[in-house]
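Protein chains: 2
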Amino acid sequence: MLAKHLAVIGLGLIGGSVARALRAAGGVGSISGYDPDPQRREQAVTLGVIDHAGDSPAATVKNADLVIIAVPVLRTADALNAIRGAIAAGAVVTDVGSTKQSVAADVETVFGELPPWFVLGHPIAGTEKSGVANSLADLFRKHRVILTPHARQDEKALALVRALWEACGARVVEMTPSQHDAIFAATSHLPHVLAYSFVDVVGKLDDSRHIFPNAGGGFRDFTRIASSSPQMWHDIVRANAPAVSELLTRQIADLQALQGMITDGRWDEMKAAFERARAAREYYLTQIE
Amino acid sequence: MLAKHLAVIGLGLIGGSVARALRAAGGVGSISGYDPDPQRREQAVTLGVIDHAGDSPAATVKNADLVIIAVPVLRTADALNAIRGAIAAGAVVTDVGSTKQSVAADVETVFGELPPWFVLGHPIAGTEKSGVANSLADLFRKHRVILTPHARQDEKALALVRALWEACGARVVEMTPSQHDAIFAATSHLPHVLAYSFVDVVGKLDDSRHIFPNAGGGFRDFTRIASSSPQMWHDIVRANAPAVSELLTRQIADLQALQGMITDGRWDEMKAAFERARAAREYYLTQIE
Numbered sequence: 406m407l408a409k410h411l412a413v414i415g416l417g418l419i420g421g422s423v424a425r426a427l428r429a430a431g432g433v434g435s436i437s438g439y440d441p442d443p444q445r446r447e448q449a450v451t452l453g454v455i456d457h458a459g460d461s462p463a464a465t466v467k468n469a470d471l472v473i474i475a476v477p478v479l480r481t482a483d484a485l486n487a488i489r490g491a492i493a494a495g496a497v498v499t500d501v502g503s504t505k506q507s508v509a510a511d512v513e514t515v516f517g518e519l520p521p522w523f524v525l526g527h528p529i530a531g532t533e534k535s536g537v538a539n540s541l542a543d544l545f546r547k548h549r550v551i552l553t554p555h556a557r558q559d560e561k562a563l564a565l566v567r568a569l570w571e572a573c574g575a576r577v578v579e580m581t582p583s584q585h586d587a588i589f590a591a592t593s594h595l596p597h598v599l600a601y602s603f604v605d606v607v608g609k610l611d612d613s614r615h616i617f618p619n620a621g622g623g624f625r626d627f628t629r630i631a632s633s634s635p636q637m638w639h640d641i642v643r644a645n646a647p648a649v650s651e652l653l654t655r656q657i658a659d660l661q662a663l664q665g666m667i668t669d670g671r672w673d674e675m676k677a678a679f680e681r682a683r684a685a686r687e688y689y690l691t692q693i694e
Numbered sequence: 406m407l408a409k410h411l412a413v414i415g416l417g418l419i420g421g422s423v424a425r426a427l428r429a430a431g432g433v434g435s436i437s438g439y440d441p442d443p444q445r446r447e448q449a450v451t452l453g454v455i456d457h458a459g460d461s462p463a464a465t466v467k468n469a470d471l472v473i474i475a476v477p478v479l480r481t482a483d484a485l486n487a488i489r490g491a492i493a494a495g496a497v498v499t500d501v502g503s504t505k506q507s508v509a510a511d512v513e514t515v516f517g518e519l520p521p522w523f524v525l526g527h528p529i530a531g532t533e534k535s536g537v538a539n540s541l542a543d544l545f546r547k548h549r550v551i552l553t554p555h556a557r558q559d560e561k562a563l564a565l566v567r568a569l570w571e572a573c574g575a576r577v578v579e580m581t582p583s584q585h586d587a588i589f590a591a592t593s594h595l596p597h598v599l600a601y602s603f604v605d606v607v608g609k610l611d612d613s614r615h616i617f618p619n620a621g622g623g624f625r626d627f628t629r630i631a632s633s634s635p636q637m638w639h640d641i642v643r644a645n646a647p648a649v650s651e652l653l654t655r656q657i658a659d660l661q662a663l664q665g666m667i668t669d670g671r672w673d674e675m676k677a678a679f680e681r682a683r684a685a686r687e688y689y690l691t692q693i694e
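In order, the protein sequences belong to chains A and B. Position 270 of the first sequence, counting from 1, maps to 675 under our numbering, and the rest follow consecutively. Position 14 of the second sequence, counting from 1, maps to 419 under our numbering, and the rest follow consecutively.
None of these hints come from the bench; they were simulated from the model. Even glycine gets a Cβ: it sits at the ideal position worked out from N, Cα and C. It cannot be assumed that every hint is accurate.
[Claimed, not checked] Capping the alpha-carbon separation at 25 Å, the derived lysine-lysine pairs in DSS-like fashion look like this: (1) B:K561 to B:K467; (2) A:K534 to A:K547; (3) B:K534 to B:K409; (4) B:K676 to A:K676; (5) A:K467 to A:K534; (6) A:K676 to B:K609; (7) A:K561 to A:K467; (8) B:K547 to B:K467; (9) A:K561 to A:K547; (10) B:K676 to A:K534; (11) B:K534 to B:K547; (12) B:K676 to A:K609.
[Said to hold, decoys possible] From chain B, some residues computed to sit far from chain A (all C-beta separations above 10 Å): (13) D460; (14) A491; (15) A542; (16) D626.
Based on the provided sequences and hints, a complete structural model is requested.
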């Protein structure tokens, strides 16, 4: 048993899925949950995702020995302030935010330090769909979860959060918050910005109404992440702005270089760039589990 | 019966798949095929994709009443020159090239005009895999095929090519070559360039070896098209260079604008761009069959 009472603050896709996964694994006794949207709270109870909906974040966590903060990343500080006085002695608190330096900064601001019982985490899972209604018990199965332990980290708290994610079928990897933010700027934040930008460029073309019906499977997959929640990706890009901006500089320079090859007719150079990219993607395919 | 003798020049994914589809539909008598790679010719016979492998393009087409040119788009002129004297009287010739203005120009150069019996076509199907070994009888099922009829087009030739694709389970749409090239620059050529460029940018980062294992499902789908054939996409971008370059200018400007919002902290503006893109993608989802 990981926890007698689990509290989940934020009943979106991730919060709902972790509750479902831990219940399916038999890892928790009862589950309470809170979301600022009362309809979502009701829906989470109706769907059996949580046992009890709290009236406030504080009321939701007060008897919990394990608390998962699963709110949009820019709401982290508000959520922590809301539960600050109500966290039980000995409870372990973790989060699922897509950026880790910003969450670490929020935790320090709210608690005056990084408490030993706070474990920073990020499950690498999700779909372009959002909300508790789309949550899935197997969302994390065979996915990675990144934990970024800090200097004052309690080892038992870290072990509990590791066990939590392993119970969900995930594989836990540790790194520092800054490593995390650099890596996910490249694998996740930049591609989301590119996908939104590309679809916006196409959508603004005069003949976009004639364009979309002719888009094939390549377009569908390339643009899938542009169906993700704009609010969530606004939060993530804002929380990791320096890393995203630095990569955007590289991306824009690379596209300008490619455009130069196209306008100058330096075709061998362009083909070599395509070949290098294809080789990198084939290498990537060997690296994922 | 569409044709007693079908000849397919170019035994790649598309040439192989159209041969398989027409055979499965009972639409053709015998199928001959040619590919410059002798191993591929043998493989196509062994796999039952074609009945006979020709020793040359001319020998392959000489008894055919229907010829499908399925070569990389920059090889079109060579392929047409190779079969020019051997096309039977009354035969219909069509192609599957991903750009249509360049193919129309090649046909005019080789034949001195756009012959009534030549039908320009482009099936909107494919995968990131290539070669006859990956060909599929149902590759075109429920996909679009674009035909771009010209001023001197024979109506019976056009009807035969339309029937060919309908026998493969596809839906045929007509437009002009320039409309085609503008639309597919946006839905297909630009995203391939972006995907190659993005993967190349990430692959060139110092810590790319640590980055790839942490990439999730969004990265996988976003980069799938970067596994496509560099030779094929070199050909397509080169054949449609003005349209691709014009869109790259818009794409780069859009990314620069987004980066400006990020560095200036104009977050509402950035979120509005993400929201516009998401709405455009949701609209696209309503437009595909």
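Status of each hint after checking the structure:
1. Only pairs whose Cα atoms come within 25 Å are accepted, and B:K561 paired with B:K467 is accepted, the gap being roughly 20 Å.
2. Pair hint A:K534 plus A:K547 holds up; C-alpha atoms about 19 Å apart against a cutoff of 25 Å.
3. About 30 Å separates the Cα atoms of B:K534 and B:K409, which puts this hinted pair outside 25 Å; it is violated.
4. Between B:K676 and A:K676, the direct Cα distance comes to roughly 35 Å. Violation of the 25 Å bound is thereby established for this hinted pair.
5. Of the pairs offered as hints, the one joining A:K467 and A:K534 is violated, with about 31 Å between alpha carbons and a cut-off of 25 Å exceeded.
6. Under the criterion of a C-alpha separation no larger than 25 Å, the hint pairing A:K676 with B:K609 is consistent with the structure, at around 16 Å.
7. With a C-alpha separation of about 20 Å, the suggested pair A:K561 and A:K467 falls inside the 25 Å cut-off, and the hint holds.
8. A distance of roughly 32 Å separates the Cα atoms of B:K547 and B:K467; the hinted pair therefore is violated under the 25 Å criterion.
9. Restraint check for A:K561 and A:K547: satisfied, since their Cα atoms lie roughly 24 Å apart, inside the 25 Å limit.
10. Using a Cα cut-off of 25 Å, the hinted pair B:K676 and A:K534 holds, with the two alpha carbons roughly 18 Å apart.
11. For the hint pairing B:K534 with B:K547, the CA-to-CA distance comes to about 19 Å; that is within 25 Å, so the pair holds.
12. Restraint check: the Cα-Cα separation between B:K676 and A:K609 comes to about 16 Å, which is no more than 25 Å; the hinted pair holds.
13. In this structure B:D460 is separated from chain A by more than 10 Å, as the shortest Cβ-Cβ distance comes to about 30 Å.
14. Every Cβ of chain A is farther than 10 Å from the Cβ of B:A491; the closest lies at roughly 31 Å, confirming the non-interface assignment.
15. Every Cβ of chain A is farther than 10 Å from the Cβ of B:A542; the closest lies at roughly 17 Å, confirming the non-interface assignment.
16. Remark: the non-interface label on B:D626 conflicts with the geometry, its nearest Cβ contact in chain A lying 4 Å away (cut-off 10 Å).
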